[in-house]
Amino acid sequence: MTNSQTAWEAAQPQNPSYDQIPASMRDLRVYVPYKLMAPEAGKTKWRKQAINPRTLKAYDWNNPADYVTLSEAEYLLNTNSHFSGVGICFSGTPIINGRYLVGVDLDSIYEGDQRINAHHLSLLNGIQGFVETSVSGSGKHIFALADEPLQDFKNHELGVELFASNGFIALTGDVDTQFNKALDGSSLDVSHLSRYQRIWRQEYDAFAAEIERDPNMSPEELHDLVMSVRPPDSGRDTWIRIGMICHHQTRGELDGLDAWRDYSLQGYEYPDIYGSPASESELQYQWHSFKKSPTTGRSVTHRTLRHWAKQSPPADQNVFTDAEYDLEETTATEYVIDGFIAEGIFVLSGQSGIGKTTLLLPLAALAAHICIIDHPLKPNLRRPVLYLTEDRKQAVRILSGLRKHCGVNMSATEMNQWFKIRETHRMNKDEIAQLIRKFSDENKMYMKDVNGNDVLIPVLIVADTVAATLDLDDENNNSEVSKFLSKIKSACSDTGASLWLIAHISKAMNRADVSDMSARGASAFGADANGTGFVIAGERGEEGKRFLILGKKRYEVDFNEISFTTQKYDLLVKNRLGQILPESYRIGSIEKSSEQNRKASSQQAQLTRDETIVLNAIRQSGNVYLPKTLISALTGMSTGNAYQRLGGVLAKLVADQCLEIVSTKDARADGANVSANTKEVYRIKPGPDFKVYE
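In the numbering used here, the protein residues as written are 766 to 1459.
List of simulated lysine-lysine pairs, DSS-like, C-alpha gap at most 30 Å:
#1 Lys-1143 - Lys-1209
#2 Lys-1143 - Lys-1310
#3 Lys-1185 - Lys-1333
#4 Lys-1203 - Lys-1248
#5 Lys-1248 - Lys-822
#6 Lys-1209 - Lys-1185
#7 Lys-1185 - Lys-1169
#8 Lys-1417 - Lys-1430
#9 Lys-1185 - Lys-1158
#10 Lys-1213 - Lys-1357
#11 Lys-1185 - Lys-1254
#12 Lys-1252 - Lys-1203
#13 Lys-1444 - Lys-1430
#14 Lys-813 - Lys-800
#15 Lys-1169 - Lys-1158
#16 Lys-1430 - Lys-1393
#17 Lys-1318 - Lys-1194
#18 Lys-1248 - Lys-1194
#19 Lys-813 - Lys-1248
#20 Lys-1143 - Lys-1213
#21 Lys-822 - Lys-800
#22 Lys-1185 - Lys-1339
#23 Lys-813 - Lys-919
#24 Lys-1252 - Lys-1318
#25 Lys-1203 - Lys-1143
Between beta-carbon pairs, the in silico distance windows are:
#26 Asn-1340 - Ala-830: 35 to 43 Å
#27 Met-1212 - Arg-1319: 19 to 27 Å
#28 Tyr-1408 - Ser-836: 30 to 38 Å
#29 Arg-1068 - Gly-902: 41 to 49 Å
#30 Thr-1377 - Lys-1333: 27 to 35 Å
#31 Ser-1041 - Thr-834: 28 to 36 Å
Everything labelled a hint here was simulated from the structure, so no lab data went into it. Where is the CB? At the ideal position from N, CA and C, for every residue including glycine.
Using the sequences and the hints, build the whole thing.
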């Protein structure tokens, strides 16, 4: 290749064409639209703002579940005049025919004489892949295929950035005919990037030196320390520094991200102190960028955090107030369902169609003592319940069924007094807070304490569902949800009311999923709720049952799950014409679930599910021989405990003669394209077919 290049000019936004994007890239679900934002004052570079293709909003764009194909992204571009182009995302680690798609972003590639810098020219000549000119015209994008997963890095000084597992590149479709090569050719020779990766690693290691961490600081202590800081200012720079401290102290683990998120969320209530909080996607993006961006001149560790905590000025009395407390007597956790669901805000989620109302309405009825007299889950405290529902007829029918078929001996008048049903509508945060206060004020019920004194029992309000009750554009958006819950929490705190928010989740879950979710907060509501729970279907040996399993919670429980067994009942109903018609409905009976049996069945079911996932991934990959790294990427079991679990699953499948291990040499002899760095590969063992649990 020659070193000639026509002069470039500062690029302005143009209408791009993506016709020459390689066919193998087009059908990947890795694309989002983006907007070009005018340069800030004193700067010349246009900023690219990615857009979530599902919500068409700028927040939470970095979610692989919402990505679309290139043609779908082009449709969004053509039908939305304020969009500027299409970007390709790497959070989902895109794979083409068993190889990993990566993007190499070359920035400011021209010298003063408009010639390409020598190190940039070496990369353009040496890397096999699709090459296009960047939006600004001053850079190039190289898209290549790698045999192994690569780690992202960014070298600002030399203008070289690798995208492999996070972030996005704004596509232009402006093919560079001088350097462009076939994408499906030879794999990326990583030695071309080793220099830049080594510089990045040295700089990052210098920042993240082990000696600078506090080895005795637990995640809980870090969280408490972060939350105790009243920052020296509310600016973005301070917010970034606190995130860097959390990242450094926890080596980038989720405990650090959770602490930073909780710190940031304080900005909704006290923006003058903590600044306006970032969206969840911005939080995630910045968190992943810390390991890519050397912190020259900005090295911050736990010592900085401790200094800020020590130097925090006295808080204004109207913001933070001290409360008297009694060291001689501590108060008990108060429950809505004894030993299981405590008072406060709870988020109870389940897949659409799993029967959340059928199951959770009888559970809420227990709080009002609408149950048989000796029900084992009948709570000590009886409280008024307001049930907000999309379908009042269904709610009334379930309550009627409890009286007719489930042994509830209670008059209609008493049931109406303790359990009120109201068809819900979408309300803003002020309306929800007003409803909580008004219902609490109008439904004051008392019980006698051990000394014969009257004790006010706070109410329970159930919102079935969140989508029908809260006026949210996106119930999964952490920023928007937190604005709601900060207002709602104040109303609940003032009145003592408990609030159950019933929400949808997009897919079926199992017990292992609940365990994973609880460690990370379960949903956008998790950071502000007292606890979360998930309604799931029974697994092998539990067909016909449903379970409510608690996820994240701020207290210890006597038991962590309950089971529901539903019964179908028939009845005759009258329509508006007076005609008598048959209908049926279901009611769920509730009991504690066996912890011992749950653990045994969960372990067996998890192993069987993982085996199925692995075998299906191998079958659907189109390859006969697969290394463990590729199997981990195809199954999503590529990091942490999941990757360790994958090793056990593969070993069991080999022991059960479902898979066999083949040496790299033998695989190559059979025509397989296997990397020289791979020692062994797996393949489905030839022979009679076998059955796995679907």
